[in-house]
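Chain residues, written in single-letter form:
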Amino acid sequence: MASERDEAKSHIVRRDESDPELESAFGAASRFQLEINREQNRHEEAKRDKELGIFGKLLGGEKTAPTVVAMIVVLIGFGVAIGCLVMAARQPQQAEFWSKQGERGFGVGSAALAYIFGKGST
Amino acid sequence: MTALMLTRPNYRKAEQEAQRILDEMGLVSPPVNPVKISKDLGLSVVFATFSGESRGISGFFDCEENAIFVNEEEYPLRQTFTVAHELGHSVLHGEWARSADYQVLWRDPTKQHQDFRETEANAFAASLLMPRDMMDKYWNRLSLEQMSRLFAVSVPAMKNRLSFLYGI
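Each protein sequence line maps, in turn, to chains B and R. Just so you know, the first sequence maps onto residues 1 to 122 in the numbering used here. Just so you know, the second sequence maps onto residues 1001 to 1168 in the numbering used here.
Next comes chain B alone, as it looks inside the complex:
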């Protein structure tokens, strides 16, 4: 007696390697998955923007804000130090005052720079 499988094989009238309808269903499923991911990303972006607020938008998110603030402090600190050096050269009679302020600015800028590099190495 022939097995069910042999009988089924004997009733095959046509064989194909692929099925266009099935391929189209998988294409549609993949596109739908991409659409969902895009929507999810848009949603997360909107949520993040809402959470950040004005300062967040200027300084960045939770992870980047400390580094951005430190960078601003570096620029201000070194800017003050250079400004004080220029003032000291222009006003030699008050050179001591300007050099002290310059040292402070340089100290603050260096500390902020050390923070940035220290954070990067850990």
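Incorrect hints may appear among the rest.
Listed next, the in silico DSSO-like pairs over lysine-lysine satisfying Cα-Cα at most 30 angstroms (straight line) [as the list claims (entries may be wrong)]: (1) K63(B) <-> K1137(R); (2) K1111(R) <-> K1159(R); (3) K1013(R) <-> K1137(R); (4) K1111(R) <-> K1013(R); (5) K1159(R) <-> K1137(R); (6) K47(B) <-> K119(B); (7) K1039(R) <-> K1159(R); (8) K1159(R) <-> K1036(R); (9) K9(B) <-> K1111(R); (10) K1137(R) <-> K1039(R); (11) K1039(R) <-> K9(B); (12) K63(B) <-> K47(B); (13) K50(B) <-> K119(B); (14) K63(B) <-> K50(B); (15) K9(B) <-> K1137(R); (16) K47(B) <-> K1137(R); (17) K119(B) <-> K57(B); (18) K50(B) <-> K1137(R).
Over 10 angstroms on every C-beta distance to chain R, these chain B residues come out as not near it, computed from the model [what the hints assert, rightly or not]: (19) G60; (20) Q94; (21) A95.
Honestly, the hints are just simulated from the structure, not real lab data. For glycine and all other residues, C-beta sits at the position ideal for the given N, C-alpha and C.
Fit chain R to the given chain B structure using the hints.
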């Protein structure tokens, strides 16, 4: 006791085997294409047109050609489950699937022989096409129809899986 164990479906084994294949192939997001998986595992998939009473067949595994035959006339989203089901037989019940005792898969469930291997193959197919970790990401934000579309399975198959995994 041993006889009882041998006739009981081993759902855990079916799920583990499906997950092993997904992991090996690095599949992490839907849709899971069982035709591609079968081909990657060295099996060919044939879309066949049947005549006579065999038109009621969903599909079967043929050891001679090492191929899965699927009814070309079947609805595409049912074909995916059929291919995954037959792949399950090939993976889980290799010896039996090669024997004359093997039964083809019928579209009409009342025609189907009730066998623990059929239940295991169904569990394998469900775990392969609708794995728990992929389902977790979507089940509570998409409708049943959208889930069926995303995972490329029929609505009843998705309904059963949702009910099994989340009790809905």
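Verification of the hints:
no., hint, result
1, K63(B) <-> K1137(R), "holds, 26 angstroms"
2, K1111(R) <-> K1159(R), "holds, 22 angstroms"
3, K1013(R) <-> K1137(R), "holds, 24 angstroms"
4, K1111(R) <-> K1013(R), "holds, 26 angstroms"
5, K1159(R) <-> K1137(R), "holds, 16 angstroms"
6, K47(B) <-> K119(B), "holds, 27 angstroms"
7, K1039(R) <-> K1159(R), "holds, 28 angstroms"
8, K1159(R) <-> K1036(R), "holds, 24 angstroms"
9, K9(B) <-> K1111(R), "holds, 18 angstroms"
10, K1137(R) <-> K1039(R), "holds, 27 angstroms"
11, K1039(R) <-> K9(B), "holds, 20 angstroms"
12, K63(B) <-> K47(B), "holds, 16 angstroms"
13, K50(B) <-> K119(B), "holds, 27 angstroms"
14, K63(B) <-> K50(B), "holds, 16 angstroms"
15, K9(B) <-> K1137(R), "violated, 41 angstroms"
16, K47(B) <-> K1137(R), "holds, 19 angstroms"
17, K119(B) <-> K57(B), "holds, 22 angstroms"
18, K50(B) <-> K1137(R), "holds, 24 angstroms"
19, G60, "holds, 28 angstroms"
20, Q94, "holds, 67 angstroms"
21, A95, "holds, 67 angstroms"
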